[in-house]
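From first to last, the protein sequence lines are chains A and B. Numbering that gives the first Met the number 0 numbers the first residue of the first sequence as 0 and each following residue consecutively. Numbering that gives the first Met the number 0 numbers the first residue of the second sequence as 0 and each following residue consecutively.
For the record, the hints were derived by calculation from the structure and aren't laboratory data. A few of these clues could be false.
To spell it out: a stretch of chain A is covered by chain B in this simulated footprint if at least three of its residues, at any positions, have a beta carbon under 8 Å from a beta carbon of chain B; those stretches are [as the list claims (entries may be wrong)]: (1) 149 to 159; (2) 185 to 194; (3) 209 to 220; (4) 326 to 332; (5) 351 to 365.
Cβ-Cβ distance ranges computed for the label pairs, FRET-style [stated by the list, open to error]: (6) Gln18/B - His206/A: 55 to 63 Å; (7) Gly23/B - Pro233/A: 25 to 33 Å; (8) Arg326/A - Ala52/B: 32 to 40 Å; (9) Arg34/A - Gly23/B: 56 to 64 Å.
Computed from a predicted model, the values in this text were never measured in an experiment. Just so you know, even glycine gets a beta-carbon here, dropped at the ideal spot from N, CA and C.
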Amino acid sequence: MSATFEGYRRADGTVGVRNHVLILSVTGLTGPTARRIGRCVPGARVITTQYGSGLLGDDARLHERALTAFGCHPNVAAVVVVGATPPLVERIAQDIGATGRAVEALVFDACEHDAITMTERGVRTAARMLREASRLRRSRADFSELFLGMECGRSDPTSGLVSNPLVGTVVDALVAAGGRAVFGETVEWLGAEHLLTARARDARVAHDIEQAVLRRERAAIDAGMDLLGNNPGPTNIAAGLTTIEEKSLGSIAKGGRAPIRGVIEIADRVPGPGLYLMDAPAYAPESVGGLVASGAQIVLFTTGVGNSFVSGIAPTIKICANPVATRRLGEQLDFDASDVFERRATLEEAAQRLQGLMLEVASGMLTWGEILDEGEDVVSRLGPAL
Amino acid sequence: MSWHATALAQEDNVATLLQPVAAGETVRVKRTDGVIEVRANEAVALCHKIALADLKPGDAVIKYGECIGEATAPITRGSWVHIHNVRSRRAQA
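Okay, chain A solo, but in the shape it has when bound (with noise of 0.2 Å):
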């Protein structure tokens, strides 16, 4: 019999493993009266962006499809979405209501420009949804459900020898099941990028890697920096990694051995299941918000010294086999693997427990990152605004 976890059903047919009600602030002019909304209703979720109309094409185009994700994730049961001025309000609420949840657009040409007259509104309307919400219950899904997203942050060489791997096992079993599983950090691709072409599906998903990685390597280049002290960071160098390509052999092991479908843009739906690339910022926030945005339910993050950052809407577990570090942070690390270093357990045995531990998240059991609100979902920027 294949493992199981309690879910909540959506509508659109996707399952979550959290039951949040949202409040999305799509405009920088609506961010502090999302969060004095969110202060007043304690269960419910807030993400605020501070860009608004300035944005001009493809930053424009991410911003949105970032939010609108965040609004129809499967852990969302319902939103409130708040914004300046309508037709980016309206548009984003409508595709939310799409999916059948809940959703109430708030704006504040409607409000008198009163942030007042908008939290009012907000509070009431987010309380009546978490009341709501509070009446799903979950139901058995199968393993094959999960869609998880990979990150790693504030490595070191344990990432690369255990905590990596270890992650890629697991996603190995996901994916042989059915299920999605999706990792970014393009540039530490950078000094790997024929391991992953030689796993590409064809030779047009194997052309996207290496173009990704080029863009990447170019920017670094045209931008006159030297990766060194950059990525390796002065924290990767001083736990023992020396050059970008180490850090991305380590790096691209949490996508395990299965074959890559296909690469996205950051924040773009994975059309199917199966492993995929996001080609995206490495820095934990950016990426992480650009897998959640791309509907991954849990994220599995591997450190090396510690990094404390989540998502608010996406369970994140944080794994780690340093031993120095996991004495350290009791409260921060949900997975400790250092028994592995330490060759106390193999990598399968870990394997086992955290495919065990990811199903207990799945199910409701709390993440650290969940327990102290570590959490914030960020949509990265690309270029110039007006």
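Here the structure of chain A is known, so what remains is to put chain B in place on it, guided by the hints.
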């Protein structure tokens, strides 16, 4: 038999330390074909790399069976291998 360092691929010319070592200590390195011994020329920290072979400037440094950069100075077997004697081959202007 226990070991202090690991090299995951047969062609690796560096190993990662699973515990810190002092200068002069004998390091047992787990390789795919068994355990070899290397004398540490200097203290090397946990998770840092030690050379398993003599390298000259320009030589590829191999870990995971892949090139992780090139030596920028002569490196003798048993020496600490890091940013003071290795550089990336990527994103170089």
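Results for each hint:
1. 149 to 159: This one holds; 4 residues, not fewer than the three required, reach chain B with a Cβ under 8 Å.
2. 185 to 194: holds (count 4)
3. 209 to 220: n = 3 at 8 Å, threshold three: holds.
4. 326 to 332: violated (count 0)
5. 351 to 365: violated (count 0)
6. Gln18/B - His206/A: 55 to 63 Å: About 44 Å separates the Cβ atoms of Gln18/B and His206/A, which means 55 to 63 Å is violated.
7. Gly23/B - Pro233/A: 25 to 33 Å: holds, 30 Å
8. Arg326/A - Ala52/B: 32 to 40 Å: Given range 32 to 40 Å: holds, Cβ gap about 34 Å.
9. Arg34/A - Gly23/B: 56 to 64 Å: holds, 58 Å
Violated hints for the displayed structure, listed by number in ascending order: 4, 5, 6.
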